[in-house]
Structure formats: structure tokens, C-alpha cells
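Use the sequences and the hints to build the structure in full.
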Amino acid sequence: MLRPSKTEAPVSIEQEELRGISRTVAEIHWLLLILVLVYLIFGGAREDAESSAAIWAGIFFYAALVMSFRYANFYKRETRWKIAIEICGMVAFITWVLWYTDGLASPLLNAYLLPVITSALTLGKVITLLAAALIAACHLLLGGGMTPDLPFVGAFIAQLAPVVLVAYITTMFSADIRYGLARAKVLAETDDLTGLLNVRGFALAANRLFAQAARHGRATSVLMIDSDHLKAVNDGHGHAAGNELLRHLAQSIQAELRFTDVAARYGGDEFIVLLPDTPAKGALEVAERIRNRIAGSPIQVSGRELVSSVSIGISCYPEDGATLDALAAHADGALYSAKQDGRNRTVKFRAAAA
Numbered sequence: 079m080l081r082p083s084k085t086e087a088p089v090s091i092e093q094e095e096l097r098g099i100s101r102t103v104a105e106i107h108w109l110l111l112i113l114v115l116v117y118l119i120f121g122g123a124r125e126d127a128e129s130s131a132a133i134w135a136g137i138f139f140y141a142a143l144v145m146s147f148r149y150a151n152f153y154k155r156e157t158r159w160k161i162a163i164e165i166c167g168m169v170a171f172i173t174w175v176l177w178y179t180d181g182l183a184s185p186l187l188n189a190y191l192l193p194v195i196t197s198a199l200t201l202g203k204v205i206t207l208l209a210a211a212l213i214a215a216c217h218l219l220l221g222g223g224m225t226p227d228l229p230f231v232g233a234f235i236a237q238l239a240p241v242v243l244v245a246y247i248t249t250m251f252s253a254d255i256r257y258g259l260a261r262a263k264v265l266a267e268t269d270d271l272t273g274l275l276n277v278r279g280f281a282l283a284a285n286r287l288f289a290q291a292a293r294h295g296r297a298t299s300v301l302m303i304d305s306d307h308l309k310a311v312n313d314g315h316g317h318a319a320g321n322e323l324l325r326h327l328a329q330s331i332q333a334e335l336r337f338t339d340v341a342a343r344y345g346g347d348e349f350i351v352l353l354p355d356t357p358a359k360g361a362l363e364v365a366e367r368i369r370n371r372i373a374g375s376p377i378q379v380s381g382r383e384l385v386s387s388v389s390i391g392i393s394c395y396p397e398d399g400a401t402l403d404a405l406a407a408h409a410d411g412a413l414y415s416a417k418q419d420g421r422n423r424t425v426k427f428r429a430a431a432a
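This note's numbering puts the sequence shown at residues 79 to 432.
Certain hints may be false.
Using 25 Å as the maximum straight-line C-alpha spacing, the simulated BS3-like pairs for lysine-lysine come out as follows [to be verified]: (1) K160 to K309; (2) K359 to K309; (3) K203 to K160.
Distance ranges between label pairs, derived from CB positions [to be verified]: (4) G420 to G295: 30 to 38 Å; (5) L208 to D403: 45 to 53 Å; (6) N312 to K203: 44 to 52 Å; (7) S380 to H294: 21 to 29 Å; (8) L111 to P240: 49 to 57 Å; (9) L207 to N312: 50 to 58 Å; (10) G316 to L207: 51 to 59 Å; (11) E366 to L271: 20 to 28 Å; (12) A253 to D403: 50 to 58 Å; (13) D126 to A211: 31 to 39 Å.
In case anyone wonders, no lab produced these hints; they're calculated from the structure. Heads up, the beta-carbon is just placed ideally off N, CA and C, and yes, glycines get one too.
So this is what it looks like as C-alpha cells:
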């Protein structure tokens, strides 16, 4: 579960999100092309050959744009700027088609809603506002420019109102959906009791950091930390006291870590910590600080002070393993040795003792 890919660099969460967005944008492109083709094939366009030829030319170049952006692999990474350029191309294509199909009187006028929806779902409020402004400018172009008379202004507002309303409503829904997804992601990757990452969240974060360390040959360490007294606390004082002890351990561990370190509840009373850019000496220092902090800060249980301790196992990349799974297993083995040697101590993994 913790093993990073050996054949390719890990993909960031943002890149995964952009890939999903990119697939949706591709479907909208093809939907627009099909809409124009259906209109053209079933006689919606003007009868003259010049207009038909111009629309077919627009379809050809727009399809070429879609193919180059979506399938030609000219772009190795998805970016929001790429999607913004595609939206501009979508607006240009729609304007071209409307120019040759009766302008603002064309039944395809509502096709402008597609780039607005695409922008609102993928690029946020500011870009969507700019897209709406671009569409407004295209409206003026198709209408022959702005005139000061009241009928023109009224018609202009009426034609743009659906675009603005769809932009506003879709942007609001998109923001709510993204917030809900972000919250769900946090809940799915966080341990409810301690507030640390759970195993899934640790795997996502640690795999990326470890892959970077392996790629650049940087030392990285893993700590396995286990409570020495949780069972006794649960048996003698109840599970509420045991939960309080676990929260205390989590807070003590987090207090001794850098913001670049990754800590998680590994299961039960066991915790795992990834220390990027940390060789064995630094990992031993961190482990000892954690152990001393926990031993020196008792918790209050039923009006009494309860002293606790932890045992810690350490393994280091590259000398103790080439994968994150191997490091976790070796750190767990060192933790077992610490327990066997009397608890409340830190043990570094040694291959000869494996």
C-alpha cells in the first residue's frame, strides 16, 4: 500500500484533478462539434456554398485544435492555462459558425453556454467572468457594433442574460462541490481520534516525498512509534482514558516534527513518521526528543497523573531499504526489538539482526 511506482514519477493530486477536468472538456468539445454537424447536415445552414464551405472549414480547424490539445501529446502536463486557451478556441469557433448562420438570429446562439459552463466548472469565477466578457464582445461583433438606442441595448441584455445567469449559478455549484470534495478528502485521509493522517493519507503523502528522495538520492528516515502502556490504561482506567493517551501521543509526536515531516496513526497504538532529508543521526535525535517529551509529560486521568512512554524503531534510506514498504517493515522490526529490550527506548534497524 505504501509502495511508490518505480517506473514513473508520482502524479500530484492537482494533476489527477486536472486530468479529470481535461476529460470533461474533451467531451464538451465533441458535443459542440456534433451539435454544429447535426445543424449543418440537416439543412440548418444557409443554402449558399460559401457559407457551407466556411462552416466546414471551421469544423475542420476546430477538430484539428481539439485533436492537437487532447490526443497529440504535445502537452505533457495538464494546466489551467491550457484549458483557458481551449475555451477561447471554443468561443472563436462558435462565433465563426454564428457569423455564417444568421448571426444573433441563429438557433445556435445558445452554444455560447458551453464555454461558459466549461469555464465555471473548471477555472473559477475570474476566468468565467472574462469568458463572459469575451462572449459579450462577440455578441457586439455579430450584431454590427454597439448603438445607443434603447431597443438594441434591451435586446443585447436579454441575449446575454442567460449566459451571465448560467455562469453565476454554475460557478456557485462548482464552488460548493469542490468544497464538499475537499472536506470528504480530508475526512477520508484523517484519523478521527488523533487528527493525524490515517494509513491512506500517509500513503498518498509519503509516496510522493519518498519518490522525490529516491530520485535525487536524498537520505530519508522512517520512525515506528508504539505506546508501551495503552492496554494497561484501557484495562485500568477505561477506553476514554486510552483515547486521551492516544491523543496525547499524537500531539507530542507532532510537536517535535518539522512541517515537512509526515506523521500518521498506523493502527491501534502504533504511529508512523516519515522524515524527509533526514539521515540516521537526525532521525535518532528526533526519536529521542519524542520519547523524552512523552515520558516527561504525564496526562491527567481521574484526577491522577499517569506517566506513559513509547518505544521507537528507526530505519533509513538507502542503507535499510530501497522502498517505503521495506523501510516501514524494518522500522517495525526495530520497534519489536525495542519492546523486547525493555521498552521506553529507541532502536535503529540493523540488517545483521534481521
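Each hint, compared with the structure:
| no. | hint | in the structure |
| --- | --- | --- |
| 1 | K160 to K309 | 56 Å, violated |
| 2 | K359 to K309 | 31 Å, violated |
| 3 | K203 to K160 | 17 Å, holds |
| 4 | G420 to G295: 30 to 38 Å | 36 Å, holds |
| 5 | L208 to D403: 45 to 53 Å | 47 Å, holds |
| 6 | N312 to K203: 44 to 52 Å | 51 Å, holds |
| 7 | S380 to H294: 21 to 29 Å | 51 Å, violated |
| 8 | L111 to P240: 49 to 57 Å | 22 Å, violated |
| 9 | L207 to N312: 50 to 58 Å | 57 Å, holds |
| 10 | G316 to L207: 51 to 59 Å | 57 Å, holds |
| 11 | E366 to L271: 20 to 28 Å | 26 Å, holds |
| 12 | A253 to D403: 50 to 58 Å | 39 Å, violated |
| 13 | D126 to A211: 31 to 39 Å | 33 Å, holds |
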